[in-house]
Amino acid sequence: MKVLSPYALGATLYMPATRADLLDVVFRTKLPELRSLVVCLEDAVAEIDVDTALRNLNGLLTAINERGGRPSDGPLLFVRPRDSVMAAVLNDWPLMAHIDGFVVPKLTLRNLGEWEQAVTNPALYLMPTLETTDVFNPGAMVELGQALKGNLNQRIIALRIGGNDLMGSLGLRRNPATTLYSTPMGYVIPMLAGVMGSLGFALTAPVFEQLATPHLLMEELELDIAHGMVGKTAIHPSQISTIQDTLRVSLEDLNCAKMIVSDVAPAVFKHNDAMCEPATHYKWAVNILERAEWHGVRQADVGPIEAPIRLAEAAR
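When you line the sequence shown up against this note's numbering, it's residues 94 to 409, in that order.
Hint data in this document are derived by calculation from the structure and do not stem from the laboratory.
Treat the hints with care, since some could be wrong.
[Stated by the list, open to error] 27 Å max Cα-Cα, derived DSSO-like pairs, lysine-lysine:
no., residue 1, residue 2
1, K95, K376
2, K199, K242
3, K363, K199
4, K95, K123
5, K351, K363
6, K242, K95
7, K376, K242
8, K376, K351
9, K376, K363
As the structure is a prediction and not an experimental result, all values here were calculated from the model.
Using the sequences and the hints given, assemble the complete structure.
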């Protein structure tokens, strides 16, 4: 099984499986900047259109196969089945070899077994979506996280937070003048970052559904990153570049991360007027370096790298 970094996801765009331009996106003649694509057979497809969507998906995979496979520089490609029954059928399609994995909708501890039985192809990654009322219960999330780690750990590239479904379960919709963190998601996202993050799972952030306030999207992205989110679902192609540009790391963080992972790093040192302690900051540094590998560095003035100063020496 090839290794996929969760930072490779970047902005993830969902497109209904009924779309006629899916092949153009896969082969980068359309939306060449996109990092990950989900072909949706669930919420984005009406019940009466399911058969049409499945035929279109099969046509997409056939076309990919006829071209000798997907391009190496194209977006990661996932399919979101409608349910575990549909997933079991798709799991056995030989042409699913051209898919990176499944997005699992509405995963709970109760239906986890059904999904495990449905998706037996070990070459398919999984991105479970946390979007049911169970998500508001930290205890339920601990149980689910432990079950996922025990059974599917190596196949999960990231967990997706379904913000709209979670808000909908409360009968709410975000105020267009605020970020999602000013809603009950301001509790849910940090809680999931702690519970699932401590178990080693990467998480992606919910959509920002307002297209008229890009400044709020950037504000929300900064909060996403501060909570350890590795990517974000895009609701529209116009959001792709904003999401992926914001995922770039600062030069200051990159230089600091390099110092922390260095074999000759002091046990504690000062860099840019902040304490750095490799024993506690090492994982952060590794994540920064991996994020920089996939998204690059933000444009900034490049100055000399400050030499590390041992805090004990600085106090003399």
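Verification of the supplied hints:
{"no.": "1", "hint": "K95 / K376", "verdict": "23 Å, holds"}
{"no.": "2", "hint": "K199 / K242", "verdict": "18 Å, holds"}
{"no.": "3", "hint": "K363 / K199", "verdict": "45 Å, violated"}
{"no.": "4", "hint": "K95 / K123", "verdict": "26 Å, holds"}
{"no.": "5", "hint": "K351 / K363", "verdict": "14 Å, holds"}
{"no.": "6", "hint": "K242 / K95", "verdict": "19 Å, holds"}
{"no.": "7", "hint": "K376 / K242", "verdict": "19 Å, holds"}
{"no.": "8", "hint": "K376 / K351", "verdict": "12 Å, holds"}
{"no.": "9", "hint": "K376 / K363", "verdict": "18 Å, holds"}
Taken one by one, the earlier hints fail for this structure only at number 3.
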